[in-house]
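> Each chain is listed here by its residues.
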Amino acid sequence: MVQTEAYLMLSMVLFVLGTMGVLLRRSAILVFMSVELMLNATNLALAAFARQWGSENGHMFAFFIITVAAAEVAVGLALIVAIFRTKRSINIDELHQLEG
Amino acid sequence: MTELIVFIVVGGLAVAFATLMLLSENAVHSALSLIVTMVCIAVLFLALNAPFLAMIQITVYAGAIMVLFLFVIMLLGAERLLPASPGEGKVRYRWFAPLALTLAMSLLIAAGVTIIQGQVSGADALGLNPIIRAVNLASTTQTLSVTANGVNVGEALASRKPSRFIEIAPGNYDISAALSDGSSFARSAALAAGTAYTVVAFGDGELAVIPEDLSTIAAERSARFALFNGTDETLSLVDRGSEFVADDDRIVIAEIAPGALSASITLAEGVGNWAVVLASAPDTVWFPLRDYEIVRDRSTTLIAVRERDALGSRRPLVLPLESEARPAFGSPRAIGYSLFTDFLLPFQLLAVLLLASMVGVIVLTHRETGKRMPTAANRRRVSRPLANVIAAQVGIESASARADAALPEPEPPQAVGK
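If you're matching them up, the sequences are chains A and B in order. All residue numbers for the first sequence refer to my numbering, where the first residue is 1 and numbers rise by one. All residue numbers for the second sequence refer to my numbering, where the first residue is 1 and numbers rise by one.
In case anyone wonders, no lab produced these hints; they're calculated from the structure. Any given hint could be a false lead.
Label pairs and their calculated CB-CB ranges [claimed, not checked]:
1) Glu3(B) to Val22(A): 26 to 34 Å
2) Val68(A) to Ala219(B): 33 to 41 Å
3) Ala70(A) to Val295(B): 34 to 42 Å
4) Val81(A) to Ala356(B): 12 to 20 Å
5) Glu25(B) to Met1(A): 37 to 45 Å
6) Leu353(B) to Met1(A): 31 to 39 Å
7) Arg85(A) to Ala219(B): 54 to 62 Å
8) Asp93(A) to Leu103(B): 32 to 40 Å
9) Thr341(B) to Arg88(A): 47 to 55 Å
10) Val352(B) to Met1(A): 46 to 54 Å
11) Gly150(B) to Ala70(A): 24 to 32 Å
Partner residues aside, some chain A positions facing chain B, computed with beta carbon under 7 Å [claimed, not checked]:
12) Leu30
13) Val31
14) Thr42
15) Thr67
16) Ala70
17) Ala74
18) Ile90
Even for Gly, the Cβ is constructed at its ideal location relative to N, Cα and C.
Generate the whole structure from the sequences, applying the supplied hints.
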């Protein structure tokens, strides 16, 4: 049996890769995909902990995260489409009307 | 060993394709790399005894969500990021990349050290609390109340109707039961973690605490049975076949001594034509269990006692106490079970959230067409191509007008959500 730590480390690496994607990529769609990668990494950690503790609650939380991610992706992509219609671009560096 | 190899190969693939997603210039390539990463994570879910999550991961994540991503990328033609005004976006936040890399690396190292020092794998699995219930087989006319160290297990239990299981801390308990006519029973028992117990009151003031095996039934489409003998004779359970004659008897559970609980046996689902017989007179039916339905994934304890009826005489009785066996860890059955018990409210909230997001998406992407009154701007947009058509028919070339007409006029910025 592979140790839980190994799964946690893998999940951590994937999570950091996702974080870097959020911070470094400029395409809004790529940022979104990186967020999905982070959520996936979290699910992996939850499943590893569920096996460790012999409790199904981790699976339930992962299930809820997947469902919420589906809703979030639908709304997020709709936002991207709406922004693209008005700005003709999804480069997040150009979306600074709020002077951020 | 196999799991380690799978983990290294699949985990390495997941990290490699996540990096590829990060570095790839083409958004479609990024999306395809992310799909591979998600499939790899689904395989790891399988290795972690989470088959339901693995299937959801592939259908919802790698299927539905990524198709949505690819669809939007293709729809917007955003395979490559083209800044509307070249140059501006590139220089503005260039200093940010090394900072982000440093932050990510320090997060990785800090979390790695914490994970290794935390020694998660050394911890033990959570023990489940024992569960306990009671059943009244002492009297058909009176009710029974059972307490364990003062905790109420069952109150005013009618004959043959078991109470619901209640959770109780593991330990030693003094279990006492009282009939409504005042006669009382007492017994002490040690309740171990992770086991189900049934307190049976029977006979003349006898109390038995029977452990029931509710663990997952490994064999498919099978049920588990055990026989508890609460009489003072040795009993056997025999299968008499569909004709229900003594000739084709086949012993299912052999010779259980008085007061003993048989080892549990696993039987395939179907119909049992059983009879409980005395070991001393195997051809005489002591209590028949004809056309008994064997339901899969159910754990049944058959309790054989002599029940005192209203007239005070003792009649043989075999009561099947049925309970659902625990479903396999991480299986759809287990997930569904906790979804409809402990997590029903979050599940409902999630459904409302999904509905709200669906409405939100429609509102966000809906363009107000049809209802809009013809404004001056609209009229101009319609009339321009008309003018071009007239100009073409008349024969006057108007290049500038045609170029304008070919491009869709950029809409004025409008508030999102209108």
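> State for each hint whether it applies.
So, going through the hints one by one against the coordinates:
no.	hint	verdict
1	Glu3(B) to Val22(A): 26 to 34 Å	32 Å, holds
2	Val68(A) to Ala219(B): 33 to 41 Å	37 Å, holds
3	Ala70(A) to Val295(B): 34 to 42 Å	36 Å, holds
4	Val81(A) to Ala356(B): 12 to 20 Å	18 Å, holds
5	Glu25(B) to Met1(A): 37 to 45 Å	40 Å, holds
6	Leu353(B) to Met1(A): 31 to 39 Å	36 Å, holds
7	Arg85(A) to Ala219(B): 54 to 62 Å	59 Å, holds
8	Asp93(A) to Leu103(B): 32 to 40 Å	19 Å, violated
9	Thr341(B) to Arg88(A): 47 to 55 Å	51 Å, holds
10	Val352(B) to Met1(A): 46 to 54 Å	39 Å, violated
11	Gly150(B) to Ala70(A): 24 to 32 Å	49 Å, violated
12	Leu30	6 Å, holds
13	Val31	11 Å, violated
14	Thr42	11 Å, violated
15	Thr67	5 Å, holds
16	Ala70	6 Å, holds
17	Ala74	5 Å, holds
18	Ile90	6 Å, holds
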